[in-house]
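Chemist: Residue numbers (the working numbering): 1 to 220.
Treat the hints as calculated values from the structure; they're not laboratory data. Please note that the accuracy of each hint is not assured.
Unchecked claim - Now the in silico label distances, taken between C-beta atoms and shown as ranges: (1) 191 with 146: 45 to 51 Å; (2) 67 with 139: 31 to 37 Å; (3) 112 with 175: 21 to 27 Å; (4) 6 with 200: 29 to 35 Å; (5) 27 with 184: 19 to 25 Å; (6) 96 with 131: 34 to 40 Å; (7) 129 with 194: 30 to 36 Å; (8) 163 with 81: 20 to 26 Å; (9) 18 with 156: 25 to 31 Å; (10) 203 with 5: 40 to 46 Å; (11) 18 with 131: 33 to 39 Å; (12) 211 with 132: 38 to 44 Å; (13) 67 with 195: 33 to 39 Å.
Stated by the list, open to error - In silico BS3-like pairs for lysine-lysine, Cα to Cα no more than 27 Å straight-line: (14) 18 with 198; (15) 185 with 19; (16) 185 with 18; (17) 183 with 198; (18) 183 with 19; (19) 185 with 3.
We put the CB at the ideal spot given by N, CA and C, even for glycine.
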Amino acid sequence: MDKFDYSDTDWQAIERLKKWYSGDLHDSMESLGLWGYLPGLSLFGALEPGAVVCGPAVTVQFGPSQRRGEPQDVYHNAIDNAPEGGIMVVEASCAAGSCTGGLMSTGAKTRGLAATIVNSTVRDIAEVREMGYPLFATGLSPVGVTGKKEPRESQVPIQIGGVTICPGDVIFADIDGAVVIPKEKLRAVVEAAEALGKNEAACRVRLLAGEKLQSVWPAA
């Protein structure tokens, strides 16, 4: 496993982001010329209504493999050494099969991870939901990965839908989807999201008071 130092993670900025939703966040990113939407991912695990998850990325890259015996050491070690509050991001679209289910989610939750995001199918969803763990993926499948693919590397840059995720980048996810914020852009995105969020909150108050939408939120 490649090591990554999370000691400079800006947890204060991460907490500030948790007041908003993925739509607020991505609008703010676009206003700064950034794009962080991770396409094709949906929530299959558990997340309370209105809740979000946000934390630094811990990455795992799968590759095709015909080896038997579930050679999952790279993935196991990534979970076992992840920082509390981190979000596991797994690129496993190279072949069919679900690399994450009940046991991986149990290990991740026990370690203190905030969520797992898998660019592939997952399984054991009834168990995952029962334990209350947020698991995002492209779909569901009971098919395993043995003889099809295995984790090759951890804590390396990966790509989902053409968007690069580096270890330590900040992942934000909710019922609408998942977004990645480059670590070096985090503060700027937080400030933009807060400005946008306050503006939308003020507009909502005016709408609830009876003003018409066009007067509150005119087209640019």
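Chemist: Assuming the hint says 31 to 37 Å, is it satisfied by the Cβ distance from residue 67 to residue 139 or not?
Modeler: Since residue 67 and residue 139 have Cβ atoms about 24 Å apart, the given range 31 to 37 Å is violated.
Chemist: Take a quick look at whether residue 18 and residue 198 sit within 27 Å of each other, Cα to Cα.
Modeler: holds (14 Å)
Chemist: Would you mind confirming whether the straight-line C-alpha gap from residue 183 to residue 198 stays at or under 27 Å?
Modeler: Distance of about 23 Å is within 27 Å: holds.
Chemist: Given the proposed pairing of residue 183 with residue 19, does the C-alpha separation stay at or below 27 Å?
Modeler: holds (19 Å)
Chemist: Between residue 18 and residue 131, does the C-beta distance stay in 33 to 39 Å?
Modeler: 21 Å Cβ-Cβ, so the 33 to 39 Å window is violated.
Chemist: Could you see if the CB distance from residue 18 to residue 156 stays within 25 to 31 Å?
Modeler: holds (27 Å)
Chemist: Is 38 to 44 Å respected by the C-beta to C-beta distance linking residue 211 and residue 132?
Modeler: Holds, at about 40 Å.
Chemist: Are residue 185 and residue 18 close enough, with their CA atoms no more than 27 Å apart?
Modeler: holds (16 Å)
Chemist: For the hint 34 to 40 Å, verify it against the beta carbon of residue 96 and that of residue 131.
Modeler: Hint violated: Cβ distance 25 Å, outside 34 to 40 Å.
Chemist: Take the C-beta atom of residue 27 and the C-beta atom of residue 184, compute their distance, and say whether it sits inside 19 to 25 Å.
Modeler: holds (20 Å)
Chemist: Hint says 20 to 26 Å; check whether the CB-CB distance for residue 163 and residue 81 agrees.
Modeler: holds (25 Å)
Chemist: Given the hint of 21 to 27 Å, check if residue 112 and residue 175 actually sit that far apart at their C-beta atoms.
Modeler: Taking Cβ atoms as reference, residue 112 and residue 175 lie about 22 Å apart, which means the hint holds.
The structure fails to meet hints 2, 6, 11, 13 from the earlier list, while all remaining hints are met.
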